[in-house]
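Engineer: Chain by chain, the residues run as shown.
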Amino acid sequence: MGVRDSGEVTGTPDPVERGLATINTITLGVKAMVQKDGELRKAEILSIRERKGGLSFYVHYVDFNKRLDEWVPAARIDLTQEVEWPRPEKADKKKSAATTKAPSKNVQKQQRADSREVSGTPDAFGSKNQNIARASRPSKAGGKENRDTPDISMIGSEAVSTVGTPKMMDSEDLEMTDAPLKDEVKTASGELITREEEIERLRTGGSMTQNPTEVHRVRNLTKLQMGKHDIEPWYFSPYPDSFSDVDLVYIDEFCLSYFDNYRAFERHRAKCTMVHPPGNEIYRDENISFFEVDGRRQRTWCRNLCLLSKLFLDHKTLYYDVDPFLFYCMCTRDDTGCHLVGYFSKEKDSAEGYNLACITTFPQFQRAGYGRLLIAMSYELSKREGKLGSPEKPLSDLGLLSYRRYWRETLVELLAEPNREAMSENELALLTSMTEKDIHETLLVNNMLRYHKGNWIIVLTDQVLDEHNKRLEKEKIKGSRRIDPVRLQWKPPVFTASSRTWNW
Amino acid sequence: MTRYGGLGRTRPKKLTSKASIPIVREHEIDLIDDEIQSTLQQIETGVEKAEESEFHLQAAINAAAQGKDKDAHIPTREVIVSDIQYAKLYPPIFSQPATYIRFSSTVEDCCGCPYNMNEEDDAWLRNYNSKRDASSQCSEDDFEATMNFFEETAQAKQPFAAVDSPPVLSFADMAESMDAAVEESVKRFAKDIYEHWKARRLTTENLPLEPMLKFETGQDTDDSDPFVCFRRREVRQIRKTRGRDAQSAEKLRRLRKELEEARQLVALVRQREIARKEMLGMDRTLFTQRNEVKEMKRKLNIKDDDEDLINQKPKKKTIEMPPRQPNAPQLRMPLKPGLQGAEDLQLLEDVQSEKENEILRDIKANIAKHIKWNEGFVDHTRAPLSPSPERTFDAAAFRPAFTAQLPTPPSSQSSSNVLDTSLDVTSPLFSKDKLASRALELHDEPHRMPSFRRRVGRGGRLFIDRRNLVARCKVELDPFKADRFKYDQEDSDEEPTYDTDAYSIQIMQHRAITMAKAREQAAVAAQAHAQAQAQAAQQRRLQADQAGNAPGANPVPNGVTVSSEAS
Chain A
1 MGVRDSGEVT GTPDPVERGL ATINTITLGV KAMVQKDGEL RKAEILSIRE
51 RKGGLSFYVH YVDFNKRLDE WVPAARIDLT QEVEWPRPEK ADKKKSAATT
101 KAPSKNVQKQ QRADSREVSG TPDAFGSKNQ NIARASRPSK AGGKENRDTP
151 DISMIGSEAV STVGTPKMMD SEDLEMTDAP LKDEVKTASG ELITREEEIE
201 RLRTGGSMTQ NPTEVHRVRN LTKLQMGKHD IEPWYFSPYP DSFSDVDLVY
251 IDEFCLSYFD NYRAFERHRA KCTMVHPPGN EIYRDENISF FEVDGRRQRT
301 WCRNLCLLSK LFLDHKTLYY DVDPFLFYCM CTRDDTGCHL VGYFSKEKDS
351 AEGYNLACIT TFPQFQRAGY GRLLIAMSYE LSKREGKLGS PEKPLSDLGL
401 LSYRRYWRET LVELLAEPNR EAMSENELAL LTSMTEKDIH ETLLVNNMLR
451 YHKGNWIIVL TDQVLDEHNK RLEKEKIKGS RRIDPVRLQW KPPVFTASSR
501 TWNW
Chain B
1 MTRYGGLGRT RPKKLTSKAS IPIVREHEID LIDDEIQSTL QQIETGVEKA
51 EESEFHLQAA INAAAQGKDK DAHIPTREVI VSDIQYAKLY PPIFSQPATY
101 IRFSSTVEDC CGCPYNMNEE DDAWLRNYNS KRDASSQCSE DDFEATMNFF
151 EETAQAKQPF AAVDSPPVLS FADMAESMDA AVEESVKRFA KDIYEHWKAR
201 RLTTENLPLE PMLKFETGQD TDDSDPFVCF RRREVRQIRK TRGRDAQSAE
251 KLRRLRKELE EARQLVALVR QREIARKEML GMDRTLFTQR NEVKEMKRKL
301 NIKDDDEDLI NQKPKKKTIE MPPRQPNAPQ LRMPLKPGLQ GAEDLQLLED
351 VQSEKENEIL RDIKANIAKH IKWNEGFVDH TRAPLSPSPE RTFDAAAFRP
401 AFTAQLPTPP SSQSSSNVLD TSLDVTSPLF SKDKLASRAL ELHDEPHRMP
451 SFRRRVGRGG RLFIDRRNLV ARCKVELDPF KADRFKYDQE DSDEEPTYDT
501 DAYSIQIMQH RAITMAKARE QAAVAAQAHA QAQAQAAQQR RLQADQAGNA
551 PGANPVPNGV TVSSEAS
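Heads up: the sequence lines are chains A and B, in that order. Numbering-wise (full-length UniProt numbering), the first sequence opens with residue 1 and increments by one. Numbering-wise (full-length UniProt numbering), the second sequence opens with residue 1 and increments by one.
Rather than coming from a laboratory, the hints here were simulated on the basis of the structure. Certain hints may be false.
[What the hints assert, rightly or not] So the derived list for chain A, only partly shown, Cβ under 7 Å to chain B, looks like this: (1) C255; (2) V275; (3) L414; (4) K478.
[As the list claims (entries may be wrong)] Mimicking SDA-like on lysine to any residue, the simulated pairs with C-alpha atoms at most 25 Å apart in a straight line are: (5) K70/B to K348/A; (6) K387/A to L15/B; (7) K437/A to R232/B; (8) K387/A to S20/B; (9) K453/A to K18/B; (10) K474/A to T288/B; (11) K271/A to K18/B; (12) K271/A to P22/B; (13) K14/B to A429/A; (14) K13/B to A429/A; (15) K70/B to K453/A; (16) K474/A to Q66/B; (17) K228/A to E108/B; (18) K66/A to A368/A; (19) K387/A to S424/A; (20) K437/A to L15/B; (21) K453/A to I43/B; (22) K49/B to R481/A; (23) K393/A to E295/B; (24) K36/A to E26/B; (25) K214/B to R481/A; (26) K271/A to F103/B; (27) K88/B to H229/A; (28) K13/B to R481/A; (29) K348/A to K198/B; (30) K66/A to V81/B; (31) K68/B to H440/A; (32) K437/A to E210/B; (33) K88/B to H452/A; (34) K437/A to K88/B; (35) K437/A to K198/B; (36) K348/A to E108/B; (37) K470/A to K214/B; (38) K66/A to D71/B; (39) K68/B to L415/A; (40) K198/B to S242/A.
For each residue, glycine too, the CB sits at the ideal point set by N, CA and C.
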């Protein structure tokens, strides 16, 4: 509990203050060197809790993805080196606009992609803090399923610990008095704090743990039991807050209901009759099936699915309900049922021409080529619709890699067809349902589009051809993993104007 | 920013999406050119800016750029095989249908009772059952159903429990909600399980026992609470257009009308019911009064057939039969009472004649209508439907022009011809129609005879009106020409003037005929000669008929040109 006495660091004018620390003086926001896989990495302390007699620290490794954040015992922190104390708020303002960060207050708020450069709607703090002004509420009606704007949870680690403007503190103080204190504090730091301590913490102002929005910087579920696997979640997901306290959360593989208690889960399994996603099968081959599930008709199931996938998708937002989305769920089959392997969601009516909103292959099935099939299906649907499409941004790191690979392979496959001598980007787009922009960028990224002797040419590099041939060989041996358009029984669903306005 | 190889610093041609780009293999081009070319070009990754620089992502991108996809791996968290008894939890009950699955049940439909008991419930239930004999044990399903009933009732009665934290619902309140829909088993155990439920609710501060997602509560804290999810969306604004406005206005109008109709329907039903009530009241008074009559009769010892006591039906008949009798035929065609007897046997000709009659009636009615329309006007069209206004004169005021000097109209054959054609010149077919002959019935027989009347006009002027001349004359005149001169003369307050061309061939012919006839009569002595003359005249007249527009012969012998006004 000695954690609190370091509040004096705030208010120091120096942007980065370094100094030696002890276990007891480490506060939230401190950056220290932490042992990770045999090497020391700079990491930021996001949460502190006392468990089993010792302090443990939730750390975010600088320049690592948030999914690698973890609880570490005090022993892993190298205190022989100096630590960086959290920056006071004045330094915060100097931050380049490029690393846009929303203040914690606005964590749930989003910004539309097109308003990224310009400051969005002025909000309460707009005059005080430039950064805040950029975060604006998402268009409520828009069907976005991803966050556009970085929220606190994904900001570069430097920014996080700071308090923001004094004005902000005030408003949060107010909020704190309204909010049920006990829950938030407990879930944030894993320890129970009395009211006095709470107030003290607020007074000294160094800690932001009380701020409810801080809560979701820390993963709330420890472990997940689903189907035949135990899975470690990657990110925060707004499951009931009591779930933060249990070691294992049980997920029913078919109806995706969640339980914090084995007995309840067992009872539920005895009653549950669902054996596949609750929608219509639109595709079936030897290995997989696709089901189309309407967010409006299957609200509970789709909510469950979103909660689950949020554990693995940083930029997914569950701010709004699932009504305007269709969920395309990929399953493998056996005699117990159709096991959900991954899914992608798609807006019923995308204003920006997205053909996919969120996509994930659940971790237990990753690195087996399923993601590629999901992407292929999303383009197959676009082909049926006669539209070009692109995934909604931002992409996650894994999403980017999967998409770039799919795009490259798809284009190379087309370009390498015998007797193809020339093609326009437009033709490629019509054949693949990829947008011309995606095609152009893919060609550039792979150094295939070059300016040669006064003319543009597409170069099939040895590298991509090599990869292409290897893929063909592998398919010969293992059988092809592709979406066969003939097996797709699907017509683009039509929604009436009233159902598209999402009025209940 | 970007440097392109090949042509040094010259700006490369713009590449449009429609431009066909040649595809080449790497070995087909000059490598030296390409060495300069670098992929410095900034391409948006679509990844969050703050994450682009992440260590593993950069490593993976670089590996992919070098074609080493295998190395392009981003570390994720651990997944291990679970030690739960999968086979027990997930029984093999799935058999794949031959066709693609179509399914619309929801999670709620598939999960049975939503309450799932936990270890705490288990312990309580075991303890509870151990104190009871086998016949009155509470099963797990019953227990869950009961708990679920409590949970649902609490939710229904205290919907804002999350906000205003009311006390735990009492058992009395619970019992209140137990209606017929609640299962017997639930009712049986409710009292016992309630205490357990209440104890558990107290530990959760009266929040639902099953962990719940946080939804909007309408409080300010909602917005910043990361646990609040799945908010309702606001309705998307629909673009307003004039068309849409009109459409919705139309919809509203229709809705208004339909509602109005429904309202009227209800009002009418109400009226009917009020009438029915009145009728019942009448029946009642009738009954009581009859009762009185009965009593009276008994008292006075009157013995008759008690007809006045028998209820409505026979009574009605006796009362209603007489008026019905005369009424009945009225429903039929009143025009042919002769058919009354042959009611059973309908003859074809009856039907036909009936139809004919109908048509005739129609025609008459139409003509009458026309006359009415044209009252005060003269129909100058070629074939006026409405008869000329002279017909409306009071026939009685006219005196038939029987004079010794005047010859009777020529004999039947020609005269009937003349009449027919005179009425409808333009369509001789119609005149042949027997319907037309019926229509003629409108004109009374005596009117065929030329007739006159004398009257005194303004300023003591004497008028002589003639009948049965004008019609023919009118026909003779060319309507167009007549129209031309219509306003040439001074207006007359009296009847309109009909101008005719005294030198038109038709009229001259007509004059000739009449002259010839006069001569014929005059020269009785010279029979043969007269006959020849008559024949000639006849021929000429026939010719005139064929000429089409002229009725030719006028039976009126005096051959006067037609100006109906004689001043």
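Engineer: Given the hint that K198/B pairs with S242/A, does the C-alpha gap stay at or below 25 Å?
Structural biologist: Holds, at about 20 Å.
Engineer: Can C255/A be said to touch chain B, with a Cβ gap under 7 Å?
Structural biologist: Holds, because the Cβ-Cβ distance from C255/A to chain B comes to roughly 5 Å (cut-off 7 Å).
Engineer: Given the hint that K453/A pairs with K18/B, does the C-alpha gap stay at or below 25 Å?
Structural biologist: Holds, because 20 Å separates the two Cα atoms, which is no more than 25 Å.
Engineer: Check the hint pairing K271/A with F103/B against an upper bound of 25 Å on the C-alpha distance.
Structural biologist: holds, 18 Å
Engineer: Check the hint pairing K70/B with K348/A against an upper bound of 25 Å on the C-alpha distance.
Structural biologist: Answer violated: K70/B to K348/A is near 36 Å, above 25 Å.
Engineer: Check the hint pairing K348/A with E108/B against an upper bound of 25 Å on the C-alpha distance.
Structural biologist: Between K348/A and E108/B the Cα gap is close to 24 Å, so the pair holds against 25 Å.
Engineer: Decide if the proposed pair is consistent with the structure: K66/A and V81/B, CA atoms, cutoff 25 Å inclusive.
Structural biologist: holds, 24 Å
Engineer: Would you mind confirming whether the straight-line C-alpha gap from K49/B to R481/A stays at or under 25 Å?
Structural biologist: Judged against 25 Å, a Cα distance of about 33 Å means the pair is violated.
Engineer: Given the proposed pairing of K66/A with A368/A, does the C-alpha separation stay at or below 25 Å?
Structural biologist: Since the Cα atoms of K66/A and A368/A sit roughly 23 Å apart, the hinted pair holds (cutoff 25 Å).
Engineer: Tell me if the straight-line CA distance from K13/B to A429/A falls inside 25 Å.
Structural biologist: At roughly 21 Å apart (the allowed maximum being 25 Å), A429/A and K13/B satisfy the hint.
Engineer: Are K214/B and R481/A close enough, with their CA atoms no more than 25 Å apart?
Structural biologist: violated, 41 Å
Engineer: Sort out whether K214/B lies within 25 Å of K470/A, counting only the CA atoms.
Structural biologist: violated, 50 Å
When held up to the earlier numbered hints, the structure conflicts with 3, 4, 5, 7, 10, 11, 12, 15, 22, 23, 24, 25, 28, 29, 32, 33, 34, 35 and 37 and fits the remainder.
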